[in-house]
Amino acid sequence: MPRVYVSTVLPAPVAEVWRLIRDFNALPAWTPFVRDSRIEGGMRPDQVGCIRNFTLRDGGVIRERLLALSDYDMACSYAILESPMAVTDYIATLGLTPITEGNQTFAFWQADFDCPPDREAGLVAQIGQGVFQAAFTALKQRFR
Amino acid sequence: MVRVHASTVIEAPIAQVWAILREFNGHDRWHPAIATSRIEDGPADTVGAVRRFRLQDGAELREQLLGLSDRTHEFRYCLLASPLPLMGYVARVRLRPVTDGDATLWEWSSEFHPPAGRQAELAALVRDGIYRAGFAAIRAVLARGDAGPGPALAVVRPPTPAVAQGLQRTQAIVVDAYGGPEVLQWREVDLPPPAPGQVQIRHTAIGVNFIDVYCRTGFFPLLTPPGTPGMEAAGVIEAVGEGVTGLSVGDRVAYACPPVGAYAVRRNMDPGLMVHLRDDIPDQMAAASLLKGVSASFLLHDVARVGPGQVVLVHAGAGGIGQILVQWARALGARVIATTGGPDKRRLVQGLGADQVIDYLAQDFAPQVLALTDGRGADVVFDSAGSATFAGSLAALAIRGHLVSFGQAAGPVGAVDVDRLAAKSVTLSRPNYAHYTDTPDRLAPQVERFFAAVRAGSIRLSPPRLYPLARAADAHRDLEARRTTGSLVLVV
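So the sequence lines, in the order shown, correspond to chains D and B. Mapping of the first sequence onto our numbering: position 106 corresponds to residue 212, and the numbering continues sequentially without gaps. Mapping of the second sequence onto our numbering: position 348 corresponds to residue 1005, and the numbering continues sequentially without gaps.
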């Protein structure tokens, strides 16, 4: 099962970063590739089980279910229900850790999934660089 | 229950940091608090192993390894015996990779049950005396670049504080009498332990500045022979005198301030004007740029207030401070005209973003400045050349222009006819570095502003030209002969 792991250092206090990313419906606010997003069925965006339904700038639609959200660990996990990518059993975790020296934030984003073997390298690069790292780079700019 | 959590980012790949930390019995080779350590029986990385170790102050402790994973880069341990009441102390060391930059997140955390009323004191001791001191020590080990795993690590054992050893010797450049570069002599000198209020620093990189030439020749009365020149360096704190706060053994620091004495392997000094170096500023960069960067900071922001729309003339644009002034003034929105000598330096200064570059070897700069500004002249002139350029700089000024004379590389300016300044309502400044940087409160904002501009990419620092410390005389010869561009650094 392929795993993607990307991490970075964000120049902002952890509480400030967590406030932004704990909102499961806020991808358009902090990632460069999501055009709009809504939570299905009128659930709250921090309610485990809620589904975000969002449209990418390239037109693709993705639905993801929130599996876990911890304000103590400052992490959330979610699964892909539908996407244009050829992945199955996709579960990702996005989490933060305070860096006490300098009052900054360590952020990691990790995904495990299955896919056809010939697509693995492409998907690992697309998810790792095109999605996770691109979002982190945008976050870094935001807090600079 | 008290929970202590400290974390930092180490600018090294995780494998390199883990190789040092995973060895349960290796902490005496890098942690400044620990004098000796041994495993009671069995290999050091077996769960259940007990390390028995002695602190620098003689106290003895025992700790047991509870778990270790090379896959997740973490280990846990508990305290079995300690002179402090850290009851039920269980700690975890955990590393995670920062993929965006090949660095390592290092977390060190613990839980314990202190006696009532001692929570804050013991938590601070664990956090600062153990965890944060450990962070600084590993950083220093890695900055020295000699930290391989295994036995090679033994050579980086932090020296026991000099206080315990009495008088030491170190090597330094000594000036016995004012004169040319040849008076810079390399020899061994006494080094007492740091006095109360002082720290001992081991230099790794030492900045060479024109002010060092003035010290050597006696133009500035900052060095009394026999004495050691140098006012800028970076290195690692090796010993701390009585009553010093805010600095610990293993801290990476830099300074750019009197008293002279930086051209030495080790020295003692007052730490008041030392700055902590963050991981993203290498020693050689700090030694090459701190004095020049801080100078540029107050010249551009406090002596003059350079901003959008102004025309700024920078003399010696290819020099150490000139390169910073050109880039920074541009970033502040000014139109920058720079002077420099020769086609190579001209290309370099153009590459820094100067709007116009005047080759003073090929043409007179003052008429050129007027021609380039439709006869108006420059609002601010930064002149470090002194006698050779002073008259021309006045001629190149605009009405109500500001001439900032901050050096005399070509000779002292001498007497100035103040009445002549009225012809253009000229403001003349002759700033003295010390008056802008002689207290931590004055210095800190300048340092912060400079490093922020470096981080933001407003200032790109070219790699310094390196000389062995013992050959400081060569560096002075090259500097005085104007053979150099950018900064000169002596390495130890």
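Take the hints with a grain of salt, since some may be wrong.
[Claimed, not checked] So the derived label-pair ranges between C-beta atoms look like this:
{"hint": "1", "chain 1": "D", "residue 1": "Asn-209", "chain 2": "B", "residue 2": "Ser-1119", "range": "27 to 35 Å"}
{"hint": "2", "chain 1": "B", "residue 1": "Asp-785", "chain 2": "D", "residue 2": "Asp-195", "range": "23 to 31 Å"}
{"hint": "3", "chain 1": "B", "residue 1": "Ala-781", "chain 2": "D", "residue 2": "Lys-246", "range": "41 to 49 Å"}
{"hint": "4", "chain 1": "B", "residue 1": "Pro-1088", "chain 2": "D", "residue 2": "Trp-136", "range": "53 to 61 Å"}
{"hint": "5", "chain 1": "D", "residue 1": "Glu-188", "chain 2": "B", "residue 2": "Thr-703", "range": "58 to 66 Å"}
{"hint": "6", "chain 1": "D", "residue 1": "Arg-141", "chain 2": "B", "residue 2": "Ala-672", "range": "55 to 63 Å"}
{"hint": "7", "chain 1": "D", "residue 1": "Pro-222", "chain 2": "B", "residue 2": "Gln-673", "range": "30 to 38 Å"}
{"hint": "8", "chain 1": "D", "residue 1": "Arg-163", "chain 2": "B", "residue 2": "Gly-964", "range": "48 to 56 Å"}
{"hint": "9", "chain 1": "D", "residue 1": "Asn-209", "chain 2": "B", "residue 2": "Ala-701", "range": "55 to 63 Å"}
{"hint": "10", "chain 1": "D", "residue 1": "Asn-209", "chain 2": "B", "residue 2": "Gln-673", "range": "40 to 48 Å"}
{"hint": "11", "chain 1": "D", "residue 1": "Glu-188", "chain 2": "B", "residue 2": "Cys-735", "range": "43 to 51 Å"}
{"hint": "12", "chain 1": "D", "residue 1": "Asp-195", "chain 2": "B", "residue 2": "Leu-1123", "range": "49 to 57 Å"}
[Said to hold, decoys possible] Far from chain D, some chain B residues (derived; all Cβ distances over 12 Å):
{"hint": "13", "residue": "His-662"}
{"hint": "14", "residue": "Val-666"}
{"hint": "15", "residue": "Arg-709"}
{"hint": "16", "residue": "Pro-754"}
{"hint": "17", "residue": "Trp-763"}
{"hint": "18", "residue": "Gln-776"}
{"hint": "19", "residue": "Gly-875"}
{"hint": "20", "residue": "Ala-1113"}
Simulated from the structure, these hints should not be mistaken for laboratory data. Where is the CB? At the ideal position from N, CA and C, for every residue including glycine.
Taking the hints in turn, this is what the structure says about them:
no., hint, verdict
1, Asn-209/D x Ser-1119/B: 27 to 35 Å, "holds, 32 Å"
2, Asp-785/B x Asp-195/D: 23 to 31 Å, "violated, 46 Å"
3, Ala-781/B x Lys-246/D: 41 to 49 Å, "violated, 32 Å"
4, Pro-1088/B x Trp-136/D: 53 to 61 Å, "violated, 45 Å"
5, Glu-188/D x Thr-703/B: 58 to 66 Å, "violated, 49 Å"
6, Arg-141/D x Ala-672/B: 55 to 63 Å, "violated, 40 Å"
7, Pro-222/D x Gln-673/B: 30 to 38 Å, "holds, 36 Å"
8, Arg-163/D x Gly-964/B: 48 to 56 Å, "violated, 38 Å"
9, Asn-209/D x Ala-701/B: 55 to 63 Å, "violated, 34 Å"
10, Asn-209/D x Gln-673/B: 40 to 48 Å, "violated, 25 Å"
11, Glu-188/D x Cys-735/B: 43 to 51 Å, "holds, 48 Å"
12, Asp-195/D x Leu-1123/B: 49 to 57 Å, "holds, 55 Å"
13, His-662, "violated, 7 Å"
14, Val-666, "violated, 5 Å"
15, Arg-709, "holds, 29 Å"
16, Pro-754, "violated, 6 Å"
17, Trp-763, "violated, 9 Å"
18, Gln-776, "holds, 18 Å"
19, Gly-875, "holds, 43 Å"
20, Ala-1113, "violated, 8 Å"
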